[in-house]
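Chain A is already provided as a structure; the job is to place chains B and C on it using the hints.
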Amino acid sequence: MYENNIISVKNLTKKFGDFTANDNLNFDVKKGEIFGFLGANGAGKTTAIKIFCGLSYPTSGEVKIAGYDIYKETEEIKRNIGYMSQRFSLYEDLTVKENIRFYARIYGLSKIEIKEKTDELLEKLNFTHALNKRIKDIPLGWKQKLAFSTAVFHNPEIVFLDEPTGGVDPITRRQFWDLIYEASENGITVFVTTHYMDEAEYCDRVSIMDAGKIEAIGKPEELMKHYDAKTMDAVFLKIAR
Amino acid sequence: MSKHSIIISNISKSYGNIKAVDDISLNVKKGELFGLIGSDGAGKTTLLRILTTLLLSDSGNAQIENFDVKNNYKNIRQIVGYMPGRFSLYEDLSVEENLNFFASIFNTTVAQNYDLIKDVYSYIEPFKKRRAGQLSGGMKQKLALSCALIHKPKVLFLDEPTTGVDAVSRKEFWGMLKNLQKKDITIMVSTPYMDEAGLCDRISLMQNGKFMETDTPENIINKFQKQIYSIKSKNKQKLIKDLRKYKQTYSANIFGQAIHYIDKRNNIKIDELKNHLKSENHIDIEIKAVKPNIEDCFIELMKKEQSAVTNQLKN
Amino acid sequence: MKQLFSFIKKEFYHILRDKRTMIILFGIPIIQILLFGYVITNELKNVKIAVLDLSKDNITSEIINKITSSGFFTLDKNIQSEKEIPQAFKQGKIREVIVFENDFAKKLQKENSADIQLIADASDANSANMIVNYTMGIITSYIYDINKTAHIPIRINTQERMIYNEELRDVYMFIPGTMAMILMLISAMMTSIAVAREKEIGTMEVLLVSPLKPIQILLGKVTPYLVLSFFISVIIIAIGNLVFKMPVLGSLTLLLAETMLFIFLALSLGILISTIAKTQQSAMMLSLFALLLPTILLSGFIFPIENMPKALQWFAALMPPKYFIIILKNIMIKGTGFAYVWKETLILAGMTVLFIGVSAKKFKIRLE
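Chains as they are written, first to last, in this note's numbering: chain A, 1 to 241; chain B, 1001 to 1315; chain C, 2001 to 2368.
One should not assume that every hint holds.
[Unchecked claim] List of simulated lysine to aspartate or glutamate pairs, DMTMM-like, C-alpha gap at most 20 Å:
#1 B:1029 x B:1218
#2 B:1241 x A:204
#3 B:1182 x B:1172
#4 B:1129 x B:1119
#5 B:1241 x A:33
#6 B:1154 x B:1068
#7 B:1074 x C:2368
#8 C:2009 x B:1215
#9 C:2002 x B:1096
#10 C:2019 x B:1092
#11 A:230 x B:1195
#12 A:213 x A:98
#13 A:230 x A:215
#14 B:1234 x A:178
#15 C:2009 x B:1272
#16 B:1241 x A:185
#17 B:1236 x A:33
#18 B:1019 x C:2368
#19 A:225 x B:1286
#20 B:1226 x B:1271
#21 B:1245 x A:163
#22 B:1019 x A:28
#23 B:1226 x B:1215
#24 B:1232 x A:221
#25 B:1238 x A:215
#26 B:1154 x B:1201
#27 A:64 x A:120
#28 C:2199 x B:1092
#29 B:1269 x B:1286
#30 B:1245 x A:182
#31 B:1303 x B:1215
Hints were generated in silico from the structure; no laboratory data involved.
Extracted from the complex, chain A is given alone in its bound form (with noise of 0.2 Å):
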């Protein structure tokens, strides 16, 4: 079942008090999926994503990431995923050499695998001349680069994206979509929060989400042609609405 599914999510619930913020959630992610996980603000996503990097339990219900049960084996999970979002991402006041190594320490690579690795990662982005740059002295769209590639710098099984291009221009936004289609490629599973809904359209599979319950799940082509609209953005406000 691990084989296929690298997330599978049975009869999620999450109650805070009387509030529901995720009310019966059923799906699986495939590996090597880029799977976008969208809905408005305050629909439940940021409770969702946190249970599944095992930072908080559900109230019930299965869930199991990389193989791994969300209840009893957290530390595993933590291990084998990697997460970055818009808000935090990198220490603004480490350089990026000093950035990288510290994730790269945290996950337990050694020396010389951080040193090969960080040196390839440099070279693709074209960031050599700035390993010693203090990160709040970079742009935002290379930031967000950046964040993307040490999240998934020890080759995690899932790396979860919380609204990872938020302000960041086009041109860079398509530089950052490539970054995550190659990490798809190198079999890593892509689970991915956005506003842009064009970005939506960039998913192999997509959820929508509205007051806790996932209303529509698919590939963009299927959902639209259900819904017989043009583009996901018609989509979406014909399911929220």
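Below, chains B and C alone, put in the same frame as chain A:
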């Protein structure tokens, strides 16, 4: 009386070495809905802060309704409404308390201007006893707009009012702006979302502190010289890679389900391209000519700017 | 006026709705007063001392008796020579050695004067100071009793310089100090944080782009804390009086008026800090390091100013709480009137005007 509500002449503002706003000039007509389109760090916020008298520019000057932003800042503060980037609300006050507070600092009451905010406020009025901190992003946004409107401003400045807000709320929000426009309010709004550009009367595409282009959305699109082809195939990820390698490719960018492709040549032979893709083992190939959208224009303008900069560096 | 009123109302909502603020405002002062009160009064119980009595006459044994029967001290051992003193301390139990000189009683009779040496374990400077103070106090009261009946007043010289504290109650020292500290904390830190918070959440931008005048923003911020701080002062004075029997010998009205003056000063300092600090965190750090620590360390509240190096003494003279503590002690303990504290009052008033002036000048009508 000038027919312009906002007049900007050669405004510049730097932080250290970074030119946040670089010699910008612009006139916005009364009652116009004007959009500043650009990503984070383009200089939108700095420009809006200069116009709302929160910052002084290093050089150049600007007038709002004939009041100078530097010398007549007190007059301007009476007549403008401003909604900063993060919806600035008191999260520990209720919806009602927030609104009453902002009404009172402008020496007015909610009742006096209810007509103006009704359209916006009616969405959140059922929750008026709720603390602002417990509202969803869309509701916070509407409350912030109500607060910015409560004193019936002549000019409304909105800094990224739709950022981080879901698509439904964004749509509703633009509907409200359109309605406000009918009530003789000049609106200047900034946004990083290119698809919102089409909803403005006129826009400026902003990058690195400069306006790359200022015009109506239609004109900007019409000015786009090159022909864009929307290309699809079964394997999108491979398609974009193959197109980038193709010798005739001027640019290939992913747009939703398809790739927006521009050829280097003026007379493109679609069959030739199709055959090339076939030879790369693509199936279900679909190529059709499409009209550019604002994002295509933005990317093209950015490319031009970047190559201009690289050329400058080379010389 | 309506603008200001609604601003103040809003500010009260912020304060009353935030549990943390309420705890800082009311919980901490009360706990601190009680804690200080009990810790300090309990500390000097059964402190172990040693006596080196080189005279061994009736007067020295009377003094020793008086000291050991006070309840503060217990006589751990009698030592025989000065050589034994270091060893006595090394054993660790003894915190003070009292040395009576040779022919103590005889000298008193002949010369009306004799010497006592008080040696305290200074590794804990603060309590050493206190122990010496207490011993001094007992000796002084002994002399006082004798002199009531004596023809010629006698004098006993002790080698430490002492702080005058006639009834051996440290509550008298710490209530004025704690009051100064708490008012500083609440007035200055809380206002500076409140202003910084508006900057942090971005509402300051909206307030600036409104017809509100800077003075209205400042008054709106300050007024609630002025009211609250005043209440808290009354609570502190009441607890001092009811729980620790701290008297208010002078005029209560004068006391409250001086307290108001000090609150004004602290608030103006808070505003000054808020013109510099951009975030709540930096407002707090600034308040702690620039206000609270100096209040505790340099106001004479814990460490006597007279014992400090000269440079620090000058520095201490710049600390507003120093003057407030002097005023409080004068009014509460000595029962003196305005005539005795006008100088300190004038200094405080001068500082307040200065701080308000500087912050009015520094308050920005724009973002930078």
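Hint check results:
1. B:1029 x B:1218: Holds, at about 18 Å.
2. B:1241 x A:204: With Cα atoms ~17 Å apart, residue 1241 (chain B) and residue 204 (chain A) stay inside 20 Å; holds.
3. B:1182 x B:1172: holds, 16 Å
4. B:1129 x B:1119: holds, 19 Å
5. B:1241 x A:33: Holds: residue 1241 (chain B) and residue 33 (chain A) sit about 18 Å apart, inside 20 Å.
6. B:1154 x B:1068: Cα-Cα ~15 Å, so holds.
7. B:1074 x C:2368: holds, 17 Å
8. C:2009 x B:1215: violated, 47 Å
9. C:2002 x B:1096: holds, 17 Å
10. C:2019 x B:1092: holds, 12 Å
11. A:230 x B:1195: With Cα atoms ~14 Å apart, residue 230 (chain A) and residue 1195 (chain B) stay inside 20 Å; holds.
12. A:213 x A:98: violated, 41 Å
13. A:230 x A:215: Roughly 19 Å separates the two Cα atoms, so the pair holds.
14. B:1234 x A:178: Roughly 17 Å between the alpha carbons, so the hint for residue 1234 (chain B) and residue 178 (chain A) holds.
15. C:2009 x B:1272: Answer violated: residue 2009 (chain C) to residue 1272 (chain B) is near 74 Å, above 20 Å.
16. B:1241 x A:185: Measuring from Cα to Cα gives roughly 13 Å; hence the hint holds.
17. B:1236 x A:33: holds, 14 Å
18. B:1019 x C:2368: Holds, at about 17 Å.
19. A:225 x B:1286: The given pair, whose Cα atoms are some 17 Å apart, holds under the 20 Å limit.
20. B:1226 x B:1271: With Cα atoms ~19 Å apart, residue 1226 (chain B) and residue 1271 (chain B) stay inside 20 Å; holds.
21. B:1245 x A:163: violated, 30 Å
22. B:1019 x A:28: Violated, at roughly 48 Å.
23. B:1226 x B:1215: holds, 18 Å
24. B:1232 x A:221: This hinted pair holds, its Cα atoms lying about 12 Å apart.
25. B:1238 x A:215: violated, 31 Å
26. B:1154 x B:1201: Given pair residue 1154 (chain B), residue 1201 (chain B) holds - Cα atoms ~17 Å apart, limit 20 Å.
27. A:64 x A:120: Answer violated: residue 64 (chain A) to residue 120 (chain A) is near 33 Å, above 20 Å.
28. C:2199 x B:1092: At roughly 16 Å apart (the allowed maximum being 20 Å), residue 1092 (chain B) and residue 2199 (chain C) satisfy the hint.
29. B:1269 x B:1286: This hinted pair holds, its Cα atoms lying about 14 Å apart.
30. B:1245 x A:182: Since the Cα atoms of residue 1245 (chain B) and residue 182 (chain A) sit roughly 16 Å apart, the hinted pair holds (cutoff 20 Å).
31. B:1303 x B:1215: Holds, at about 19 Å.
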